[in-house]
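So the sequence lines, in the order shown, correspond to chains A and B.
Sequential numbering from 1 applies to the first sequence in the UniProt record's numbering.
Sequential numbering from 1 applies to the second sequence in the UniProt record's numbering.
It should be emphasised that the hints constitute simulated quantities derived from the structure, not laboratory data.
Cβ coordinates follow ideal geometry from the N, Cα and C atoms, glycine included.
Derived EDC-like pairs: lysine to aspartate or glutamate, alpha-carbon spacing no greater than 16 Å straight-line: (1) B:52 with A:89; (2) B:52 with A:86; (3) B:52 with A:71; (4) B:53 with A:86; (5) A:73 with A:134; (6) B:322 with B:257; (7) B:39 with A:43; (8) B:39 with A:59; (9) A:136 with B:85; (10) B:220 with B:173; (11) A:136 with A:172; (12) B:220 with B:64.
Derived list of chain A stretches under chain B, where covered just means 3 residues or more per stretch with a C-beta under 8 Å from a C-beta of chain B: (13) 53 to 65; (14) 126 to 138.
Residue-level listing of the chains:
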Amino acid sequence: MSHITQAPLDRLPVALAPTQSVTLHINGQDHTLQIAPWTTLLDALREYLDLTGTKKGCDHGQCGACTVLVDGKRINSCLSLAVMQEGSEIQTIEGLGTEENLHPLQQAFIDHDAFQCGYCTPGQICSAQGLLNEGKARTEAEVRELMSGNLCRCGAYPNILSAVMEVLTNEESGTKNLKPKEDVGQWAAGATKPDMAPVEPAK
Amino acid sequence: MNSFTFAQAPAIDAAVREKAGQPGSAYIGGGTNLVDLMKENVERPTHLIGLKKLGLDSITASADGGLRLGALATNADTAWHPEVEKRYPLLNQAILAGASPQLRNMATDGGNLMQRTRCYYFYDLATPCNKREPGSGCSAIGGYNRIHAILGASEACIATHPSDMCVALAALEATVRVSGPNGERTIAFEDFHRLPGDSPERDNTLEPGELITGLDLPAKGFEKNYSYLKLRDRTSYAFALVSVATALELDGGIITDARLALGGVAHKPWRDKTAEALLIGQPATADTFRTAAAQVLAGAKGQGTNNFKIELAKRAIVRALKQATEMNQVVDDNAFQNSNP
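With the hints as extra help, turn the sequences into a complete structure.
Quick look at the structure:
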């Protein structure tokens, strides 16, 4: 009869490095945390500040679910250490809109049915806000390319594209006064061109 | 991740001193590759030296008519900088061909040079890897090596350098500025990254403790005729199987200057000056391009799963040179139209 013995430790357990104090400026508020230096910005948001709108997908910078805005620029919060972000202006999905007053991108994602499970959505919306801030994308092809850092396992890409295009076009027409909002917002989910709209299933 | 401490360095010399005084420490710029490698336990620094307070993030004109990129300037800020867009569009194209907008917003120019291979076996602690653990063997040789090197590899390592930006920097003949325990020095771009030889654990020629402080672009930007052609398994957000950075100067259809560098094929950005010499003085035709392509791939060796890269690289070179040439015709057309009121 055999029994399991615990393998002897060949060295003493490594002492944990001391935590350090970090002040993060998030959605207009300062938060001072006592955290270990290996805490990512993503974990600081979710585990220490209950800002769970920002999602952990791959945790390796490959999916974009953790996208937040730092000084107006979109980044992957899973690949940044919280201690590196002292002094930065951090904006998460919780800081973009409220339930009573949705951000235009949030409203557009609803209008265009731009999600299914919704897990990638906060990252998609923060990334789209970053894209708008950058001001580099104009066409559908450019939006597709500059949203490629956000994966959607449900494959809602056509509707995400049409939602972002609507806000982008409205922003441009707002500044240049070219088109009324109704002209671009009326199409069914699935495309930004009427001839590409999905066919309703037969009843 | 292993246990480590973190401190922001207040100045370059303080950062260099801190690095020298703390064995096992590492500099951290944007962190996009280092933090990932730490999560995988491939990198296990005991102390991180933050560089955010050093400044070094500006892009300024240099005295020789070129452009100086601060090591801490982000890849995105570099690509979209008006002077880079206007004078070094090859660099703009190469940067924007890599990673995602989020990563380009974090990743620094110095860090781009320091990123490590994406060889699957390098990342997998369960398999031998001479780069990660010298002397343990190379799992990619005889393994699955679709993304691996066809040029300049050794029996110890067939990993590739993953950068797009660095391929353009090689073609543009950038210079790397570093500070270290023995003061400042500059390194020509072609001497910065190295071939694996029998010491693949060393990616580059930096001495211990040295810190990249900036990159100098020479005045000549090849803004009229250039192409960065990147071939990959999906059209965005993927590493290159083969990429080509090329830049030409043309005079009436004759090539008067040429640069040619490849990514995704070797342990370093693969610039071929012999192939460039074969282009210079020749007409910009498909035959000339094919001759240069044959030269670049003359010593290529497939490893099994990546054999396709040899023909792919030849065709990519011809395509990129054609794209760069035809661009000139568009420019000429515009010049002609503009000269007619």
